Amino acid sequence: MTPTRRQFLIIAGISAVGVVCPSVARLMASRSESPKATGLKARRWAMVVDSAKCRADCTDCFTACHNAHNVPDIGNPKEEVKWIWSERFDHVFHAESHAHIPGAIRTRPVPILCNHCDNPPCVRVCPTGATFRRPDGIVMMDSHRCIGCKICLAACPYGARSINFRNPRPFIRKLNPDFPTRSKGVIEKCNFCEERLAKGILPACVMACEEKALVFGDVEDPHSEVRHLLDRKFTICRRAELGTKPQVYYIL
Amino acid sequence: MKLYDRGKIIAGVVIFLILITFPFWYGKGKAVTPPQLDLDTPAIGQLAEKRCVEDAAWMRENHMKLLVAWRDSAVREGNRTYTAKDGTVVEISLTGNCLKCHSNKDRFCDRCHDYVGVKPTCWNCHIVPGEVRR
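Protein sequence lines, in the order shown, are assigned to chains A and B. Sequential numbering from 1 applies to the first sequence in this note's numbering. Sequential numbering from 253 applies to the second sequence in this note's numbering.
Hint data in this document are derived by calculation from the structure and do not stem from the laboratory. Only a predicted model underlies this, so the values are computations on that prediction, with no experimental measurement involved. Some hints here could point you the wrong way.
Simulated restraints, written as ranges between beta carbons of each label pair [stated by the list, open to error]: (1) Glu241/A with Asp307/B: 55 to 61 angstroms; (2) Gly279/B with Thr38/A: 50 to 56 angstroms; (3) Leu319/B with Ala99/A: 38 to 44 angstroms; (4) Asp221/A with Leu319/B: 33 to 39 angstroms; (5) Lys280/B with Thr38/A: 55 to 61 angstroms; (6) Cys149/A with Ala336/B: 55 to 61 angstroms; (7) Arg303/B with Gly159/A: 48 to 54 angstroms; (8) Cys149/A with Leu319/B: 24 to 30 angstroms; (9) Gly103/A with Gly348/B: 48 to 54 angstroms; (10) Ile101/A with Asp362/B: 44 to 50 angstroms.
Calculated cross-link-like contacts (lysine-lysine; reagent style DSBU-like; alpha-carbon spacing at most 35 angstroms) [to be verified]: (11) Lys199/A with Lys371/B; (12) Lys260/B with Lys282/B; (13) Lys150/A with Lys317/B.
Backbone N, C-alpha and C define an ideal beta-carbon position, used for all residues, glycine too.
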């Protein structure tokens with residue numbers, strides 16, 4: 001018996017589903033086997049710092065960051081290693097400060113860190129390519145390639161980079177086994193918690209801040225929290241006139 | 253042709269040859285036993301199939317190249333997964349993945365590295381699990 005047109009189409013349809021289904025199932029299975037791809041992704045990471053929210057003498061974000069990244073506490077300011085720290089308002093925003101800004105504001109501590117510039121001078125001067133800008137804007141340090149020449153240290157207008165003049169291991173109070181330390185003679189700086197973003201966790205400083213003074217997100221995403229703040233409030237960047245296009249914005 | 257100070261020169265050449273060949277005749281006939289690598293760790297014991305990221309022979313020859321490729325892949329490209337030749341996908345992490353199974357660095361990594369006289373600088377920065385308690 002020759003099948004009718006209708007029967008033929010039904011059989012062809014069922015066969016097609018039968019052919020496609022197992023391969024789809026296999027594809028799903030192989031996906032579920034692979035390590036979780038839960039990393040946070042962005043077109044351009046950025047941070048907004050609302051320094052007015054900072055409590056006086058609060059060091060929660062510094063401690064969280066430095067504990068998470070095995071940042072040593074050398075104890076000698078000349079050899080200091082730091083990823084995030086604070087300076088007085090009139091030191092951070094030198095050009096924006098003047099004599100008639102109230103003293104309380106002028107001396108208020110402002111948290112500062114690597115600005116992850118869109119046009120990073122440190123990357124331009126690095127002779128080995130050890131520091132580089134990722135497509136998502138994070139200015140990364142590849143300690144494997146760093147030769148400790150310190151040119152980036154001189155190039156960074158924000159003092160965001162530190163060099164290990166000595167082996168930092170003995171100066172780390174509590175080692176975090178999930179993150180490497182550095183060795184003698186390499187530069188280090190904030191990495192926007194790149195290793196946490198890969199696991200889908202927000203940066204340590206952002207999570208540690210009880211006042212929500214630090215907001216982190218994708219500046220290219222019009223619905224991100226960072227963009228909401230930037231759209232609503234007046235923000236400035238540190239030394240924007242240099243053309244480095246910093247991506248840490250300050251609400252004052 | 254006259255060789256001045258013949259005695260001193262010949263003596264010097266003989267002493268030089270003896271010294272430069274010292275390692276060869278001193279070590280002649282002595283066999284250094286190859287290191288016995290210890291694969292007996294709790295994590296490996298629990299594995300159903302005793303297989304590293306790739307097969308053991310390939311890993312023995314190429315682990316250093318693989319680690320360098322992993323390093324560049326993770327740090328430079330932000331890519332933290334590796335697809336092995338048989339299709340399994342593994343996390344790229346020295347301390348988080350390799351050393352989870354090979355938790356006995358002193359009896360696995362170090363034994364062979366000491367034997368062949370290589371000094372990898374990995375551990376200048378990367379922390380050996382168990383070196384610090386959480």
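Okay, the hints, checked on the actual structure:
no.	hint	verdict
1	Glu241/A with Asp307/B: 55 to 61 angstroms	holds (58 angstroms)
2	Gly279/B with Thr38/A: 50 to 56 angstroms	holds (55 angstroms)
3	Leu319/B with Ala99/A: 38 to 44 angstroms	violated (58 angstroms)
4	Asp221/A with Leu319/B: 33 to 39 angstroms	holds (35 angstroms)
5	Lys280/B with Thr38/A: 55 to 61 angstroms	holds (59 angstroms)
6	Cys149/A with Ala336/B: 55 to 61 angstroms	violated (38 angstroms)
7	Arg303/B with Gly159/A: 48 to 54 angstroms	holds (49 angstroms)
8	Cys149/A with Leu319/B: 24 to 30 angstroms	holds (25 angstroms)
9	Gly103/A with Gly348/B: 48 to 54 angstroms	holds (49 angstroms)
10	Ile101/A with Asp362/B: 44 to 50 angstroms	violated (60 angstroms)
11	Lys199/A with Lys371/B	holds (31 angstroms)
12	Lys260/B with Lys282/B	holds (34 angstroms)
13	Lys150/A with Lys317/B	holds (29 angstroms)
The earlier numbered hints that this structure contradicts are 3, 6 and 10.
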